[in-house]
Amino acid sequence: MHLNTVGRYIRRSPYQAIAATLIMALTFFTISVFLVISYLSVKIINYYGTKPQVIIILKDTATAQDIDSLKNQLALTGKTSSIKYISKQDAVGVFKKLNGENDPILNEIVSSDALPDILNVQASQPQYTNDLVAVAQRSPSVDQVEFFKDVIDKFIKFVNAVKIIGIFVISVLMAVAVFIILTIIGIKITIRRDEIETMRLIGATNSFIRMPFLLEGAFYGLVGAFIGWVVTYGILLYFQNSLSSFFNGIPLFPLGQMVMLVLLAGELAAAIILGIFASFLAVLRYLK
Amino acid sequence: MIEFQNVTKKYGDSVALDGVSFQIQGGSFVFLVGSTGSGKTTIFRLIIRDQDPSEGRILISDWDLLKLPKGKIPHLRRRIGVIFQDLKLLMDRTVLENVMLPLEFTGMKTEDSMQKAKAALADVGLTEKEDKFPLQLSGGERQRVAIARTLVFDPEVILADEPTGNLDLQTSLQILDLLQSINKRGTTIFMATHNEEIIRKSNARVIFMEKGKVIEDKKPKGHKGKGKEEKE
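So the protein lines, in turn, are chains B and W. All residue numbers for the first sequence refer to my numbering, where the first residue is 349 and numbers rise by one. All residue numbers for the second sequence refer to my numbering, where the first residue is 11 and numbers rise by one.
For the record, the hints were derived by calculation from the structure and aren't laboratory data. For each residue, glycine too, the CB sits at the ideal point set by N, CA and C. A few of these clues could be false.
[Stated by the list, open to error] Straight line, CA to CA, 27 Å or less: simulated DSS-like cross-link-like pairs of lysine-lysine:
#: 1; chain 1: B; residue 1: 407; chain 2: B; residue 2: 427
#: 2; chain 1: B; residue 1: 636; chain 2: W; residue 2: 77
#: 3; chain 1: W; residue 1: 80; chain 2: B; residue 2: 636
[What the hints assert, rightly or not] Covered stretches of chain W, as calculated for chain B (at least 3 residues, CB under 8 Å):
#: 4; segment: 105-119
#: 5; segment: 171-177
Start from the sequences, fold in the hints, and give me the full structure.
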């Protein structure tokens with residue numbers, strides 16, 4: 349019965365309904381995007397966290413003896429699972445193999461002079477990475493040591509910045525959504541003032557009068573969140589292959605139907621609560 | 011039974027009702043007569059607890075209205091049918107939906123409420139109009155819809171605020187006949203009106219009001235009950 353009333357209210361003012369639904373859709377599209385980014389970020393961080401790899405970039409002046417000495421020092425720590433020497437020439441070959449036919453000009457430019465000799469060291473446990481880095485940094489033959497912890501730390505800083513911006517943007521959008529729904533429901537209450545008065549005088553309770561407005565807010569939240577989620581999922585599916593290529597080697601996709609369903613369920617619940625909250629504010633404000 | 015005990019209603023410095031007292035027994039038909047601003051509508055609003063008296067006491071059957079919790083007010087209003095001066099029909103709903111409206115408040119199943127509403131429309135002779143909208147009806151027919159809406163709860167009392175105000179004499183008399191037939195079933199009818207013709211045609215008790223006071227309480231001819239007549 350209340351649902352029939354809600355349907356009637358929505359059919360009577362379709363443009364207001366569209367406005368309310370769209371703002372909710374935009375809000376929850378933004379939420380979906382940021383949640384997916386956060387989820388993928390965690391996956392990336394975890395991926396690199398399980399890759400206890402240290403890349404030691406050797407100076408051009410390092411001799412074969414120096415390199416062997418360093419390899420022995422690293423092996424003697426007992427914390428390595430493999431140590432692989434990659435010469436400049438080997439590195440060029442790998443580079444050209446990776447780029448393939450994509451960039452023939454770049455392949456022409458890159459030569460062995462442009463790339464260093466490196467030692468690719470795998471720690472037997474992720475927690476040994478720092479020890480191996482310390483050993484390498486003490487060697488005079490070493491120019492630079494890179495390990496994924498640096499990358500991860502930088503990436504985490506980037507992700508945290510994105511999260512802060514995301515929280516701010518989402519908060520603003522949610523506040524806007526609340527105000528828009530509050531205003532729309534408020535207008536409807538004002539338009540229906542006579543009807544509400546009649547219902548009150550012939551025996552309707554306050555909750556009976558309020559319920560359709562609360563359900564209407566919930567409806568806008570539900571539909572808006574669903575649209576936002578569908579658009580996000582559609583974009584993800586469309587760009588999935590491109591993103592997989594970009595994050596070459598990292599198992600990010602497919603995202604998993606369960607993940608997306610959990611996201612949908614959470615967003616629908618949040619959207620319904622937001623919609624009801626906004627309507628409740630309108631009822632408090634305009635329905636006395 | 012409706013009883014007003016020395017009821018006063020003030021709006022700021024303005025006195026709408028001044029020490030009004032009367033008693034209406036169950037099953038009565040009573041007219042409330044007075045010019046605009048005499049306090050008739052105020053009395054009706056006090057009876058349905060739309061407003062509270064400034065002084066005095068109002069009893070409706072076993073309820074002392076001032077002691078009635080706010081949560082019970084909707085239940086009071088379901089026991090008292092009200093025919094408003096402006097009818098208060100919902101123009102975007104059909105006749106049947108308008109009559110079903112009060113039943114929706116109780117959560118009654120649609121089939122059951124539809125059945126009761128159709129029975130009420132049959133009572134007022136509007137069965138064939140149930141799918142029409144109020145704007146498609148004549149003034150008299152709209153009045154019947156308003157009456158039918160009050161009947162769905164089988165109320166003890168019907169308050170009729172100028173139900174014939176905008177109607178011609180013939181239609182007014184038809185409305186009066188309808189209310190009298192409802193009264194014969196035991197429902198108390200308390201009707202505000204200016205219409206001297208329908209008062210004359212009906213041998214009913216008349217309470218006259220002026221400037222917020224009861225100036226005369228005229229019992230019907232042949233009435234032998236106790237009661238008071240006040241004359242100023």
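Residue 407(B) paired with residue 427(B) [C-alpha distance capped at 27 Å]: holds, 24 Å
Would you say the segment 105-119 of chain W counts as covered by chain B, given the rule of at least 3 residues with C-beta under 8 Å? Holds: 5 residues of the segment 105-119 of chain W have a Cβ under 8 Å from chain B.
For a C-alpha distance cap of 27 Å, please report whether residue 636(B) and residue 77(W) respect it. Given pair residue 636(B), residue 77(W) holds - Cα atoms ~22 Å apart, limit 27 Å.
CA of residue 80(W) to CA of residue 636(B), is that 27 Å or under? holds, 14 Å
Chain B covers the segment 171-177 of chain W, three or more CB atoms within 8 Å, holds or violated: violated (count 0)
Consistency with the previously given hints fails for number 5 only.
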